[in-house]
Structure formats: structure tokens, C-alpha cells
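Go by the hints and put chain Y onto chain A.
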Amino acid sequence: MSGIFEVRWHGRGGQGVVTASRILAVAAFNEGFVGVQSIPWIGAERRGAQIEAYNRISRTPILLHSQVYAPDAVIVVDPSIISEDNNAVVRGLKSGGFLVINTARSNIISSLRVPEGCSVYLVDATSICLELDLQVAGLEVLAMPMLGAFAKATSLVSLKSLEESITSSFEAELAKKNVDAVVKAYESTRKAHLMPEQYVPPVPPSKPIRIPEIHHWTDLPPVPVSTPSKGSIGNTGDWRTRKPVIDKEKCNKCLFCWMYCPEATINIDDSGFPQIDYNYCKGCEVCFNECPRKAISMVVEEK
Amino acid sequence: MLPGNSACQGCGSTLALRWVLKALGKKTVIVNPASCGCVYVGLYPRTAVSVPYIQMAFAAGPAAASGMVGGLEAQGKKDVTVICWAGDGGTADIGVSSLSGSAERNTNYIYFCYDNEAYMNTGTQRSGSTPAGAWTTTTPLGKKESKKDMALIMAAHRVPYVATSCSSYPADLYGKTKKAKLIQGMRYIHILTPCPPGWRFDTGLAVKIGRLAVQSGMWLLYEVENGVFRLSPPSRKILENPEKRVPVKEYIRAQGRFRGMSENEITLLQEMIDSKLEKVAELDGKPLFF
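In order, the protein sequences belong to chains A and Y. Per the numbering used here, residue 13 is the first one in the first sequence, and the count goes up by one each step. Per the numbering used here, residue 6 is the first one in the second sequence, and the count goes up by one each step.
If we strip away everything but chain A, and leave its shape as in the complex, we get (with noise of 0.2 Å):
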């Protein structure tokens, strides 16, 4: 290898990301790259947002201290990601490339584009999170596994320093589960074999935005001005796993439900019912605990 090796993650917040791209940095220099470096991208620092961090792998010291624009991996650890946006992870890529991803679900691997002479490694890193009940406040560490799959895909990394660089920053039983895992995706990783349309030309790294010059104040742009209206995220209901339900037996509408919903997703019918709208309702239990008759309860949501 010569020059820089640059890798871009790709994740939600909460996954581990931004740890694993630590932890590959110190593999990185354990095996004896001079320059490393990992960075991390998050926007609003909130649990399921996007985010994307960044390695630089090199044999002499890094000077760049920007974010990866073209990388030479990509590294996908949510898949529903790809399901959002094929390009937003391919753009930049180089071909020749790899993209590692993460399958739990197999039906995007057929509707995905890669730049020509990538090659595309799947590990079923959901699966193996879950065998070994690899989790941090209920949410499944799905980066660990992807260290694994990507040592196996570049051969940049040994397992040994993986190994050395995870117990390094776990204590002794965590540092043990995580290896598990890596070690696990390592065995499983496997190249795919796409079908010849599926490579594209590849996709240009985005440029930053050029603002115009402004000489007179007519030449500004209107000002944009938002509209107010519901759901100005989108569909806030899909955050939730359990949902509220209201027992109209036992309710007595002292309406402390609608008192206390930090969302406003509880109305009040002609009959003077509180009714619930679970378009937006994020389920955070507030109406549960509040109600003084327990008329509400919490039902696991089927999806």
C-alpha cells in the first residue's frame, strides 16, 4: 500500500461507531502505520440520527486533517442507509474500492450500485450482536462486528492488533465479547457477486457550496421562511416500540394525559375522551405513569 488509506463509516448514532473507528486507529498503528487518524462526523447528537466517522491509514504522518471526501473502504453499518440513499454511501468511492456491509437484510444487496471495480464484502453483523447479546442501553453495538469484516476484506489489519487495541480500551469480560465478535465476523465475512449492471460509474464526492458574491442587497436570495405544520420531522410514531392505549372502562377524562404529553399528540373527542394520534406519538410512557385511574397501557407495537 502507498499514500493514504482513507475509510468512511456509515451508522446511526448509538452504534458504535464512533468507538469502533477509534479502535481501528490504534489497530491500524499497532500493526505499524506511522499516521492514523479518526474522526468523527454527528450532526445533532441524537440516538438513530445518521452519522459518518473517518479513518486515515498511512505509512508516513498524516498533514490532512480534513473529512474523507473519496475513501478507498466504505463501511456500512446500518443497511437501512443504503435502503435510503444508494449514493450518499458510494459517493467518492474509488474504484477499486471496498464496501463493507452489514446484511441483515439480504434484499438490498440486488438493488445495490457499486463504482466499477469495487469489490463488496456482507457479514451478518445483527445476527452476531445478538447471539452474543452485544448491547449498550438496549440498542445492539453493530460496529464492533464490521472491524472483523473489514480486516478480512483489506487485509490492513491482523486480528492480533484488533484484539490488542479492544482490550486496551475495555475492561477485561466487555473487551472478551467484542473480540468474540470481531473474530466472528472475520470468520464469516464473504465477497459478493454482483450482477455486471449493478457497477456504475462512480459517483463524484460532493463539492462544497459556492456562495455568490453580493454586491447590492437585491441580489440576495428571498429568505427562506419555514410553514408551520405537524410531523415537521417526518413521522415521529415509527421511534416508538410500545404504544399507549386507552381504556375507555376505566377512564374518567380528568385528562392528565393531554395535561402532561411533551409530544401534544393527545386530543380530546366530541365526547370529551382523550384520544391518542399515533402518527406522531414517540411512546415515551409520560401518559402511562401520569394516569392517576391506570387506565393506560403499554402494548408492544407489531411492525
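Think of the hints as simulated: they come from the structure by calculation, not from any bench. Check each hint, because a few of them may be wrong.
Below are the EDC-like pairs computed for lysine to aspartate or glutamate, each with C-alpha atoms no more than 20 Å apart in a straight line [what the hints assert, rightly or not]: (1) K265/A / D281/A; (2) K27/Y / D281/A; (3) K213/Y / E297/A.
Just chain Y now, kept in the frame of chain A:
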């Protein structure tokens, strides 16, 4: 306040904003310096509040509100209420100079500080308003300094109306906002809003934790009207009936952010709260400053 905004589940400050807007009505303009509020009110092209709303730089909220008040006055519009909705970081740390300036000029607007006791929007960093002993990412062993008392600082500016409230008491918040709307000059309302991700508790307990804060005496609800200090009913109740007072340990142990506090420290905190309540009982109904 419309549903489907991007606030976290169980957010105390959306609950507070909902009741503030209910009390103020349609003829309101919100100025919002950088905070969680900027996120949950929404991204272009949609917003989650149905009144005019302006996002401002961190330190410039009260300055922008002053400009807005001046503009409305020049147009002769007298029935519009201007409010500034800011977080505790934007109030106690970064925005305090322009806030103090607008209080000194007695600009005719209402300033709301929703206090979630740290910089929650950027992932829980310590602010001047974080209580002692609380974990944040920048105080991993617990904060050593005590909380800055913004409401009393504002009262010392001799503004016509200062009040504290809590999102778990919507009726109290609604009443104080209604009252503030009728007063001319600078008004300041400080609202304690529990934050499930930052305070480390289950989302469903968001209202209960706020109630525990008031019932234990950790957070006092009061008004300072023209310099006269008066406790609000929820706080007066625990003063008059000490048996209804909840030990502060219950409030502390219900949250993950205080897990570094030892039993000794909690006993000490309990003693501090007891002596604070004694002093407050003497002050009730009397002028606060000489």
C-alpha cells in the same frame, strides 16, 4: 406547539413550551438563541410552532428581542408579546451579558429560561446551571461547583417580575405566564425541565422527576413581584407540612447523573436544603432586597 417535532421522547422543555404558548396565545413572537429549542422547532421548510419564530446566535437572544420590541413599537403594534426562549447555557453562561443589558434597560419582553441543567443539545456538557455532584461529559466525576442562581441574579436587576416554575406543574407555569403577560417591562421566568437522556432516567418518569425536585425542596417555585418574594403553592405546601417533604435522596437516586454521589454527600445536601428552607420561610411575603 405541533406534534411530530424532533425533540427526544419525554422532553420536559417541549411540555413547558406547549403550556407557555397556550397561555400567550397567537399574538406572540419567539426569539430563540441556540439550544435544543432550535432543533425541535424544526428544520427548513417546516416548523413545529404556529407563531412567528426567529433563531438567533447564542449570545444575541435578548439583543434580538430588544430590536424586535423596538420595531413593533415603531409600527405602533401594542398587542404583540415578544418572548425569548433560551436554554440554561444560553442564559447563565453565554447569553448573560445581553440578558443583563436588556434587564437594565427594562425592555418590554418576557425571557423564559428552560433549565435542563447542562448543554443537552450537544450531548451533555457542564453549564453554569449544572448542580453540584452531577455527571456530565466534561465533569466525569461529578461537578464540584454549585449551581448559579439565575432567577435571583435577575431579581437583583430590580425587574418588575421574576418567577421560577417547573414543567411538571403546568398549571403553575400557565398561571405565571398569564400574569407575566399583563405586566409591562422585563419579565423573567426560569423553568426547570427534566431531560431524560442527559439526566439518565427513563423517558416515562420525565414528569415525576420534576415533581420530586419540587417536593424535596431541591427546586423552589416562587415569584418576585416588584421586589417582594412570595412562595408558590407547591413549594409552600412542603414548607408548612414538613411531613409531606420528600427526602432529597429519592430525587438524587432516581437519576443516573448523580450516581457518583456518596451517602455522606447526600446527607450534606439534605442539611443544606433544610437550612435553605428555614431561611426561605422567613423571607416569604417580604421584600427580597434592601
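Okay, the hints, checked on the actual structure:
1. K265/A / D281/A: Given that 20 Å is the threshold and the Cα spacing comes to 11 Å, the pair holds.
2. K27/Y / D281/A: Given that 20 Å is the threshold and the Cα spacing comes to 19 Å, the pair holds.
3. K213/Y / E297/A: It holds: about 12 Å lies between the C-alpha atoms, which stays within 20 Å.
Violated hints are absent here; each numbered hint is respected by the structure.
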